[in-house]
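Order-wise, the sequence lines are chains D and U. One point on numbering: in our numbering, the residue at position 32 of the first sequence is 32, and numbering is uninterrupted. One point on numbering: in our numbering, the residue at position 78 of the second sequence is 153, and numbering is uninterrupted.
Keep in mind that the hints were calculated from the coordinates and are not lab data. Errors might be hidden in some of the hints.
Claimed, not checked - Covered, in the sense of this in silico footprint (three residues per stretch, anywhere, with C-beta under 8 Å from a C-beta of chain U), are these stretches of chain D:
no.: 1; stretch: 9-15
no.: 2; stretch: 41-52
no.: 3; stretch: 68-75
Stated by the list, open to error - Okay, derived cross-link-like pairs now, EDC-like style, lysine to aspartate or glutamate, Cα gap no bigger than 20 Å in a straight line:
no.: 4; chain 1: D; residue 1: Lys73; chain 2: U; residue 2: Glu268
no.: 5; chain 1: D; residue 1: Lys73; chain 2: U; residue 2: Glu83
no.: 6; chain 1: D; residue 1: Lys73; chain 2: D; residue 2: Glu5
no.: 7; chain 1: D; residue 1: Lys46; chain 2: U; residue 2: Asp134
no.: 8; chain 1: U; residue 1: Lys221; chain 2: U; residue 2: Asp147
no.: 9; chain 1: D; residue 1: Lys46; chain 2: U; residue 2: Glu138
no.: 10; chain 1: U; residue 1: Lys116; chain 2: U; residue 2: Glu130
no.: 11; chain 1: D; residue 1: Lys46; chain 2: U; residue 2: Asp137
no.: 12; chain 1: D; residue 1: Lys46; chain 2: U; residue 2: Asp147
no.: 13; chain 1: U; residue 1: Lys146; chain 2: U; residue 2: Glu130
What the hints assert, rightly or not - Non-contacting residues of chain U with respect to chain D, defined by C-beta distances greater than 10 Å in every case (computed):
no.: 14; residue: Glu83
no.: 15; residue: Val128
no.: 16; residue: Ser142
no.: 17; residue: Leu224
no.: 18; residue: Arg229
no.: 19; residue: Val280
As the structure is a computational prediction, the values presented were derived from the model and not from experiment. C-beta: ideal position from N, C-alpha, C; glycine also.
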Amino acid sequence: MGTEEVRMLAMAIVMGVGTISPALGIGIMASKAMEAIGRNPEAASKIQTNMILAVAFTEAIAIYALVVALIIKFV
Amino acid sequence: MHISLVAEKIFEIGSFTVTNSLLASVITSLLLILASVFINKALKKSPGKMQSVIEMIIDWLDELAQSVGGKDTRAFLPLVITFFIFILLSNWLGLLPGFGSIGLYEIEEGHKVFVPLFRGATADLNTTLALALVSVFSVQFYGISKNKLKYLTRFFNFGSPIMFFTGLLELISEFSKIISFSFRLFGNVFAGEVLIAVITSLIPVIVPLPFFGLEIFVGLIQALVFAMLTLVFINIGLQIHGGETHENVSHELAREEVEHGN
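One chain only, chain D, in its complex shape (with noise of 0.2 Å):
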């Protein structure tokens, strides 16, 4: 295999093992918020503006893993 190669599968393997966790935890999280707003409906503002928060915490991940990526494709 050729460094371009290389690059390509790297690329691939980062964005495809970068995103499981992210994606399991935004699941997680996403579903006990319906769950809460579910059992308390006044309280769905505040859950939503933390979930959202939260949300924004765990996708930093998924976008470093794609950040990364980008740098191996371009840079």
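Place chain U on chain D using the hints.
Chain U alone, transformed into the frame defined by chain D:
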């Protein structure tokens, strides 16, 4: 398909390089300054349509901030809302037709390279890094102006070995905040641009539309997230000691509300 990780050079003033994203961010700033001047001039006691809409938005943001940090947030809310509006506007400007499609052909290393005249301001790591630095420094600024030298006990606490260690971790996390702030915004916006470029190159009509809708949504959420995180971090910085009581009070209120609701 034209994708470039870094912003391209348009022209130089002396040794200062003007990139296409710098151009876009200057335009964003100019738009905001002009809008604020005109809106400020047109302010009335009895609001018209435009003023009512803006008052509603500001009211909503104020309520959101107060639900997070209480009355103290009034002092730094202008900064947070400015972050929100600036990032929102530059995210959405980057989606306009003309951004990334109008440009010049330049000769680089022997072959023609297309250089777009504008590039979304937040699709450049320099812009987001600057925003992140302002955000993290304002956290320190408001923390020190409220708690004076006591603020430093957050990082250097010789009370006990455990407190010393958590202080060090706090110090490191301040730096990782800069990285995560800048890369989160840059990554989201740049990924959106790549996504739209790829989809448009595959099927240029109708199909990209839902992706533009997605990008408008992502732009709003990322602006909101940046502003909210700044708000939360400043709020944490304000409450070094005696913050627990404040926290308890808000929890108490929330519990009462919930019980009342039931």
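- prompt: Does U/Lys221 pair with U/Asp147 here, judged by a C-alpha cut-off of 20 Å?
  reply: holds, 11 Å
query: Within a Cα-Cα threshold of 20 Å, do D/Lys46 and U/Asp147 meet the stated pairing?
result: holds, 19 Å
message: Using a Cβ cutoff of 8 Å, are there at least 3 residues of the stretch 9-15 of chain D near chain U, or does the coverage claim fail?
response: violated (count 0)
- prompt: Has the given pair, D/Lys46 with U/Glu138, been kept, meaning a C-alpha gap of at most 20 Å?
  reply: holds, 11 Å
query: Should the label of U/Val280 as a non-interface residue stand, given a Cβ cut-off of 10 Å to chain D?
result: About 27 Å separates U/Val280 from the closest Cβ of chain D, which puts it past 10 Å; holds.
- prompt: Would U/Leu224 pass as off the interface with chain D, using Cβ distances and a cut of 10 Å?
  reply: holds, 30 Å
query: Are 3 or more residues of the stretch 41-52 of chain D near chain U, judged by a Cβ distance of less than 8 Å?
result: Answer holds; 6 residues pass the 8 Å Cβ test.
- prompt: Between D/Lys73 and D/Glu5, does the CA-CA distance stay at or below 20 Å?
  reply: holds, 11 Å
- request: Please settle this one: U/Arg229 was flagged as non-interface, so is its CB more than 10 Å from every CB on chain D?
  value: Given a closest Cβ separation of 20 Å, the condition holds.
Given pair status - U/Asp134, D/Lys46, alpha carbons within 20 Å: Judged against 20 Å, a Cα distance of about 16 Å means the pair holds.
field: Satisfaction of hint between U/Glu268 and D/Lys73, Cα-Cα up to 20 Å
entry: holds, 15 Å
field: Distance restraint between D/Lys73 and U/Glu83, which requires alpha-carbon spacing of 20 Å or less
entry: Within the cut-off at roughly 18 Å; holds.
Comparing the model with each earlier hint shows violations of hints 1 and 16; every other hint is respected.
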